[in-house]
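S.K.: Chains as they are written, first to last, in this note's numbering: chain A, 58 to 353; chain B, 457 to 748.
Calculated from the structure, these hints are not laboratory results. Be a bit skeptical, because a hint or two may be false.
Unchecked claim - Which stretches of chain B does chain A cover? Using the computed rule of at least three CB atoms under 8 angstroms from a CB of chain A, they are:
1) 531-545
2) 551-565
3) 725-734
Cβ atoms here follow ideal geometry from the backbone N, Cα and C, with glycine treated the same way.
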Amino acid sequence: MFSLYVNNLLLTVIFFILVSWACYLPFSCGQLYNGPAFCAAISGYFAAYVTKCFHWPVLLGFFGGIVLAGLFALGLSLILAPFTGFQMAVATMALIFIIQTVLKNLDFLGGVVGMSGFPEIKNLLVIGLVSVVIVLILLHRLHNSRWGRAMEAVDVDSEMARSMGIDAIKMSIVIQTISGTIGGLAGGIYTFALGTVHPEIFGFGLLLYTYTIIIVGGRHTPWGPLFFAPILWLIPEFVPAGIVKYRNFMFGAIIIVFLLAMPEGVITKGLVRRIKFALVPKKAEGGGWVGNGKNT
Amino acid sequence: MEALLAIIEAGIVSGSIYSLIAVGMTLLLVVADVIQFAYGQAVVISIFFCWLTLHLTNSVVLSFFVAAVVSTVLQFVLEPLLRTLRERKLVLETLILTIAVGMILTEAMCQYFNAGMPIAFPDSMAGGGWALSFRLIRITAADLYVVVATVASLAVLAFFLFKTRQGKTLRAMAYNIQVSRLLGIPIRKCTTLSFVVAGFLSALTAILLILALGAASPVLGENLTFKGLAVMMLGGMGNLKGAVLGGFILGLIEALVRGYLIGDWADAVGMGVIMFVITLKPAGLLGQVKQG
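Isolated chain A, as found in the complex (with noise of 0.2 angstroms):
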């Protein structure tokens, strides 16, 4: 349908818009966790190494590489839940740090080379829009649940959260396992996409991306990243490419720039409601609107 490189920058797009989610979740609630970073690491390897080197069918393996990055997600939470934000940020780097380490030392895997090489997906745009779509439907509507105001209720003041009788160690393990999860499915999806694996794609220069795209779009609402990740990515295949060369320095001075001026982003609550209350239709007056329906 598309060309080769409109194909691939969509997908790209996707693959950014979907880790971007994935440390939208945690950071919601108050926690720095880059596990997506590593976790679409172990999808990525994982697929490609099963359908290149034991030839499974291509999609057994996309999937089994999600699997396994939210069964090492989940694991990892189990150690990782108590940890206050920043011991959560570090913690999570070093694991960053520790796997690509391994990666780059394993030859099976190609070391620091990587591995190519592998099948393709056919359709795997159409996988990567419904992927969106589908995290899209769930990070809404848990947003919007009672899981959704206590992540909102830890972030604010976890010890008053905590004190209010919300299990916080028992939503880090949920969020955590979810997050790596979506984070797999990115790395899947990503590695299909370019064709080839290797250490560096899912290190420190991704968080940049992601941070930039979150803190741009607004981390308290999963908008955000949905509008942003396009533009923010987009921006620069429309630029000269004299410019293009400086991305890293932009991405850096926007964080900044946002962090500084608008920290909570250009999709903020506030503005989502409002567009929800201009967009749905008001209630008839003198009906009132109370919990229980009834006519004040």
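Position chain B against the provided structure of chain A, taking the given hints into account.
M.R.: Just chain B now, kept in the frame of chain A:
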């Protein structure tokens, strides 16, 4: 046995560097409540400026001076950037801002210094000149300078913090900032002072790294920051003694792994050991003074 002694010697040297980095970062954490993810990058970019000055002027003294100034000024300049977010108690946002600054510094090194390739200093600077050799054990002048300078600077820092008025105000702020404010301690000035002191420590680290390694690359900064953070967690968040102890432990672990394992596993094993320790004891070896 000689091999083990040589490895321990190497571990003590690298541990000294890690301790200095961790102490500088810990100081910023306890006084300014900032986790400086750009600390290592600030150290390395000042090494790059030193290299550039050496190439332009051929003067070792001037190049060391430039390294020291760049390092200190960078920390000083970062303080106002972080102040707004700190005062609003936006912890995660402060972390991310320092990560962004670190990445900008790394990118600057990749783009503007030696076309992103690693840099090397002349042999006369790297290694520090003479060396004592006994079979497998080789102690260079640089090794001695690193260890002696680390011990001396930590002693000076301890004197500053415990025996001088400014040091006591920094400790008061670290202990309870609200009471410090009520007592009339100028919080902003003292916070700026802590950044300047951290800048001096990073300047010293840069110079010692030039002597010890004789080379640097843009990614070295991320590596150093990372290890500084890991050492802070190992020793205990906000615990200066823990930072020193953790630095030497990490240095020794990495040296042992490099000495006895084939392949480049030192970083992974070092981080793995730290992760294991903090899983068992989340407060770190000596307990945490400040939560992240």
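S.K.: State for each hint whether it applies.
M.R.: Evaluated hints:
{"no.": "1", "hint": "531-545", "in the structure": "holds (count 4)"}
{"no.": "2", "hint": "551-565", "in the structure": "holds (count 10)"}
{"no.": "3", "hint": "725-734", "in the structure": "holds (count 5)"}
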